[in-house]
Amino acid sequence: MSDKILEIENLSVSFEGFKALNQLNFSMDTGELRVIIGPNGAGKTTFLDVITGKVQPTEGRALFKGKNLRSKSEHKISRLGIGRKFQTPRVYLKLTPRENLDLSCNRHKNVLATLLGRPSKTEQRTVAGLLETIGLSTKADLSAELLSHGEKQRLEIGMLVAQSPDLLLVDEPVAGLTDEETENVGNLLLTLAASHSIIVIEHDMEFVRQIARQVTVLHQGSVLCEGTMDEVQTNPQVIEVYLGQPEESDA
Amino acid sequence: MTANTPPTDVQMHRRSRRPLLVEAGIVVAIALLILFAAPALLTAIGQEFRINMLGRFLALAIVALGIDLIWGYTGMLSLGHGVFFSLGGYGIAMFLQLQLPEGELPEFFTLYGVKDLPFFWQPFHSLPFSIAAIALVPALMGGVLGYLVFRNRIRGVYFSILTQAALIVFFNFFNSQQKLINGTNGLKTDTTKIFDVYTGSDQAQGIFYLLTVVLLVLAYVLCRWLTSGRVGKLLVAIRDDESRVRFSGYDPTGYKVLVFAVSAGLAGVAGALYTVQSGIISPKSMDIAFSIEMVIWVAVGGRASLVGAVVGALAVNFAKSILSEQFPDIWLFFQGALFLGVVTVLPGGFVGWLRNQGQDHLRSLFGRPRRVITYPSLAEDPEVDYERQNLRN
Ligand SMILES: Nc1ncnc2c1ncn2[C@@H]1O[C@H](COP(=O)(O)OP(=O)(O)OP(=O)(O)O)[C@@H](O)[C@H]1O
Ligand SMILES: [Mg+2]
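Just so you know, the sequences run in chain order A and B.
With our numbering as the guide, the letters of the first sequence map in order to residues 1 to 251.
With our numbering as the guide, the letters of the second sequence map in order to residues 1001 to 1393.
Incorrect hints may appear among the rest.
Unchecked claim - Examples of chain A residues toward chain B, derived with CB under 7 Å:
#	residue
1	Arg70
2	His75
3	Ser78
4	Arg84
5	Gln87
6	Arg90
7	Tyr92
8	Lys94
9	Leu103
10	Ser104
11	Arg107
12	Leu115
13	Leu131
14	Glu132
As the list claims (entries may be wrong) - Far from chain B by the CB rule (all over 12 Å, computed), these chain A residues:
#	residue
15	Glu9
16	Gln23
17	Asp29
18	Gln56
19	Gly66
20	Leu93
21	Asn100
22	Cys105
23	Thr122
24	Glu156
25	Arg209
26	Gln220
27	Asp230
28	Val238
Stated by the list, open to error - Some but not every residue of chain B turned toward chain A, in silico, with C-beta under 10 Å:
#	residue
29	Ile1030
30	Leu1032
31	Ile1034
32	Leu1042
33	Ala1044
34	Phe1108
35	Arg1230
36	Val1231
37	Arg1239
38	Asp1240
39	Val1245
40	Arg1246
Think of the hints as simulated: they come from the structure by calculation, not from any bench.
Model, not experiment: these values are computed from the prediction.
Ideal Cβ placement from N, Cα and C applies to all residues, glycine included.
If we strip away everything but chain B, and leave its shape as in the complex, we get (with noise of 0.2 Å):
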C-alpha cells in the first residue's frame, strides 16, 4: 500500500475491497441498531415483550440463511432442518437442566423412576461440551446423512421426501422417549439457572439477545463467505445444472455435504438461542409445519439472497405475531397465502423483486428511462425468453 508499488496492483486491490468495506460497516451499522436502537424503541412504545421476541425471530433468521445455503444457492429443498434446530435446542436444555447440586436429577426423570442419568446426557455437564455439541452434533448427522444421500445422486423431490421423513422419524423418538428425553413435554430452560442467575431473568436474557445479533452476524458473515468466490459460483452451478458440473471436473458430494453441513450447524445455533429465550424445547419444534415454515421464510425474502434470508425471516415472524394475537384464527390462511402470492407474483422474493423491478419503478420515479443490460430486442422478445427457460437440457 506504499507509494512505490505499482499503481495498478494497489487500484484494482483497493477496488475490489472497497464494496466489502463497506458492507462490512452496514451490516456493523444494522447489528449495532438492532443492539441499542430496537430495545430502547420497544420500550419507548410500551411494547417491551416485543425485545423477546425479537432475540427469538433473529435465532431464526440464523436457520433462514442456513435453509438459504442449500435451498436458495444450491437448490437442496430440506423439509427437515426442524430436526438439527432440535439437536441444538435440546443440547443447550439438558446443559441447563444439569446445573444442580451434586447428585441430584433434572426432576422428570424421578416423576418416571429413573435413577441414573443416561449415558448421553453426560457429557453435557461440561459447558464447552455442550457449546460444541450444539453446533457440531447437527453439523455431522447433516454431513453423515448428506455423504449418504448425495454420494448415491439422490436428488430434487427424493431428497426433500427423505428429510422429511428423516424429521417424521425424530419427531416420533424424541417425542415418546420419556425416560430418555421427558417425551411430549420436553425441557424446560427458563427455571434453570447459569451461573447462578436463571436463565429466565433479565439479566440472561439481555446476554442472549447481545449473543444473538453476535452469532446472526457471524453466521451471516460465514454465509456471505461461502457463497461468494468460487465456491459460490459452483453452488449456483450446481443448483442450475448438477451433472454439468460433473462433465467440468467437479464432484458435487462433496460441495453438497459441506453446505449441507453448515446449514445443518447453523441450524443447532438457532436451536439453542431460540430455546433459551423461548424457554422450552419440545418436540414441537419437530413439527413438519414449523420445518415447512423455514423455507417460506426464505421465499418471501428472497432465494439466494443472504438479505433476503435474514429480512424474510424476521418479517414473516412479527407478521405471524402480530396477526396471530389479532386474529387467531386466520393466520395459517394468511401464511399459505403469503407463500402462494410469493411464489406466482415475486418468484424472486422480496429482495429479488428489489434489484429488478424495484430499480425500475424508483429510476421512472425519478424520471429515469429502465436499464437495459443487453440489447433490447433481446431482453423483452418472449420468444428468446421462452428458449431461455427451455433450452436448458
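So here's chain A without its partners, still in its complex pose (with noise of 0.2 Å):
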C-alpha cells in the first residue's frame, strides 16, 4: 500500500453529460515509469487534469502517496510533489530559460519568501546543473520565445525536475520532434526515471518502445489493458481499437 505512488479509484469525469473519463483504476509503484498509449479521445490529458486539479472528478478518487487529492487547489497539488508538462510546451515566452528555471526551482513559493529572499547558492548551481543536462547551458539568458520547439519541449521538462517532484506527468513529450530531438527527450526522460517516478502520454510508437517497461492503453475513458509492451501490441482487443478506431470515432 505504501509504495504506490499513485492509486485512482473507480474514476469518473463527465462533461455536461460526455464521460471523458469513465470507472478509471490504475495504480503505480513508487519509482515506476510508465507510459499511456491510447487514441485521440481516449481521456489521456484529462486524467492528467484530475491528477492535477485543474478538472474535478465527477466519481471515484484519486490518492497520491496515500492523500486525497480531491479539491485540493492547482498549487496545493504541485507543492505535494506532482509535476506536469502540458502537450504544447507551455514555458515562460519574456523570461529568459534560467529565469523560467529559477522560478520553478524556488522553495518557498508564498508571497513573502519569494520577496525577500534571494536565491540561494544552491539553488543557482541546480537551475545551472539542469541548463546542462537539458543542452540549453549556450541559451540560458535568451528570451525563450527564441527557442526552438524541441528546445521549450526540452526547457519544459527541465522546469518540471527543477520543482524536485516525486511523480512527474508528462504529456506527449516529442510531438513534432525530429528523430535526433526525440532520441534526446528519451535519454533525457530515462536519466530521469533513475530518481523521479514518471508517467508519459505519448503516440510515437517508436520512441514508447524506447521508453517503456510498463504500458497502460486507454480507451474510451477507461483502461484497456496493461502490460510490457510486446504484450499490448499482440494483445486483440488493443489491436482492434487500434485499427478500428475510424468506425467508432464518435465515441
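Mind assembling these two chains? They're in different frames, but the hints should get you there.
The structure is reproduced here in C-alpha cells:
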C-alpha cells in the first residue's frame, strides 16, 4: 500500500453528460516509469487534469502517496510533489530559460518569502546543472520565445525537474520533434526515471518502445489493458481499438 | 570588500551592483534637474505657470507607475484607478478643510444645514492619520477588492469591466452626497491653510513640488524593487500564462493582491499630490475618461517599462495641455489617434520602440550592422514568428 505513489479508484469525469473518464482504475509503484497510450480523445489529458487539480472528478478518487487529491487547488497539488508538462510546450516566453528554471526551482513559493528571499547558492547551482542537462547552457540568457520547439519541450521538462517533484506527468513530450531530438528527450526521461516516478503519455510508438517498461492503454475513458510493450501490441483488443478506430470515432 | 576575500565573489558582487549604482545616479541626477533646473528654465522663458503644471503631471506619473505595475507587468487592465486616485485626493482635502478654529465646520456643511461633522471626517483632524490614510485607504480597498476578485479567478475583460463598474458606483456616491462630501462641487483646498500658510501660496506650492519629486523617486524605487528579482519575473509569468504558474506551485492570488494594493496606494498618493497642486478634488476625477487616460499614458510610454510610464504620463499630459490651449476642440480626437497609433504602430510604446528598432536605427546611423541575437534564419522567419504568437495555449 505505502509503496504505491499513485492510486486511482473508479474515477469518472463527465463534461455535460459526456464521460471523458469512465470508472477508471489505475495504480503505479514508486519509482516506476509508466507509458500511457491510447487513441485521440481516449481521455489521457483529462486523466492528468484530474490528478493535477485542473478538473474535479465527478466520481471516484485519486490518491497520491495515500493522500486524497480531491478539491485541492493546483498549486497545493504541485507543492505535494506532482509536476506536469503540457501537451503543447508552455514556458514563459518573455523570460529566459534561466529565469524559467529559477521560478520553478524556488523552494518557498509564498509571497513574502519570494519577495524577501534571494536565490540561494544551491538553487543557482541546480539551475546551472539543469541547463546543462537539457542542453540549453549556451542559450540560458536568451528570451525563451526565441527557442525552437524542441528546445521549449526540453525547457519545460527542465522546469518540472526544477520543482523536484516525486511524480512527473509528461504529456506528449516528443510531438513535433525530429528523430534526433526525440531520442534526446527519450534519454533525458530515462535518466530522470532513475530518481523519479514518471508517467509519459505518447502516440509515437517508436519512442514508446525506446523508453517503455510498463504500458497502459486507455480507451474511451477506461483502462483497456496493461503490460509490457510486446504484450500490449499483441493484445487483440488493442489491435481492434487502433485498427477499428475509424468506425467508432464518435465514441 | 577587503583584499583577503576570494576575488571571484567580490567581482561578482561588484559586477551585479554597478548597473544599479549607475541607474541610481541617473535617477538622482534627473530628479535634481527637475527640482532646480526645470523651474529656473521655465521662469527664464516666461512660462512660470508651467511649473505648477509640471508638478501636477509628475504626480500623475506616480499613478502611471502603479498602472504599469498591474497592467504592463502583471497583465491586469484596471479601468477604475480614478477611485483610488480620488480617495487620496479626498483624504488630503478633508484634512485641509478641517484646518479651522475650534468648533467651526467647513463652510459647505453650514450651507446644507449640517450641524455635526460626519463620523468619517473625525480622524482627519490628525495629520499623521491623514497622511497614512492617503496611501493606506486606497491600498486596503484595492487589496480587499483584489482578493475577492482574484480568488474567484476573475480575469481579463471581466476584471476590467468590474473595475469600471466600481468606478461608476463610487462616482455616483460622491456625486450625490452633498451633506457628506459636498457632492458635485468637490472639496477646495487652495483657500485652506496648512501650518498657517495658504495651501495655494507660492511657498506651500514649492514644498508640494519638492514632495512630488521625492515621492515619485520613492515610487520608482518601490516599483523597481518589485519588478526586479523573482517577484518581477513571476509577475511577467502570471501575465503571460497564469494557469501555468499554478502548476509550478505558486498561488497567483497573493501576488496579484499585493501589486494591486501597491498600485492603488500609489494612485492615492498621486491623487493627494495632484489635489493640493490643482486646488480642488471633485467627483470629476472619477470620470471614466480620466481612468482610461491613465492607461493611455502607459501605453504610449511603453508597457512593462517604468521609465516608459513616467515619460508617457509627462509627454501625453503636456501634449494635452499645449494642444488644448491652442485648439480646444481637437484634443480628444488627437488623443484617440495617438492611442490607435501607438497600439497599431508601436505596440511596445515609445520605450519599447527605443529598445528594439531605435537601437538598430542608431546602429545603422553609425554604419554598424543590426544586432542579431539568434540564428538569423530563425529571427526573420515569418513562420517561426507566427508559431511563437500562436503556440501559447
Ligand atoms: N473541458 C472540456 N469540456 C468538454 N469536453 C472535454 C473537455 N476536455 C476534454 N473534453 C473531451 O474529453 C475527451 C478526452 O479528451 P482528452 O484531451 O483527455 O483526450 P486525449 O486522450 O488527451 O487525446 P489526444 O491524444 O488527442 O491528446 C475528448 O473527447 C474531449 O473532447
Ligand atoms: Mg491529450
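How the hints compare with the structure:
no., hint, verdict
1, Arg70, "17 Å, violated"
2, His75, "5 Å, holds"
3, Ser78, "4 Å, holds"
4, Arg84, "5 Å, holds"
5, Gln87, "10 Å, violated"
6, Arg90, "5 Å, holds"
7, Tyr92, "4 Å, holds"
8, Lys94, "5 Å, holds"
9, Leu103, "6 Å, holds"
10, Ser104, "5 Å, holds"
11, Arg107, "10 Å, violated"
12, Leu115, "5 Å, holds"
13, Leu131, "16 Å, violated"
14, Glu132, "20 Å, violated"
15, Glu9, "23 Å, holds"
16, Gln23, "27 Å, holds"
17, Asp29, "24 Å, holds"
18, Gln56, "14 Å, holds"
19, Gly66, "20 Å, holds"
20, Leu93, "6 Å, violated"
21, Asn100, "8 Å, violated"
22, Cys105, "10 Å, violated"
23, Thr122, "15 Å, holds"
24, Glu156, "9 Å, violated"
25, Arg209, "28 Å, holds"
26, Gln220, "26 Å, holds"
27, Asp230, "34 Å, holds"
28, Val238, "31 Å, holds"
29, Ile1030, "27 Å, violated"
30, Leu1032, "30 Å, violated"
31, Ile1034, "30 Å, violated"
32, Leu1042, "39 Å, violated"
33, Ala1044, "44 Å, violated"
34, Phe1108, "43 Å, violated"
35, Arg1230, "5 Å, holds"
36, Val1231, "5 Å, holds"
37, Arg1239, "8 Å, holds"
38, Asp1240, "5 Å, holds"
39, Val1245, "8 Å, holds"
40, Arg1246, "4 Å, holds"
The structure fails hints 1, 5, 11, 13, 14, 20, 21, 22, 24, 29, 30, 31, 32, 33 and 34 (numbered hints given earlier, in ascending order).
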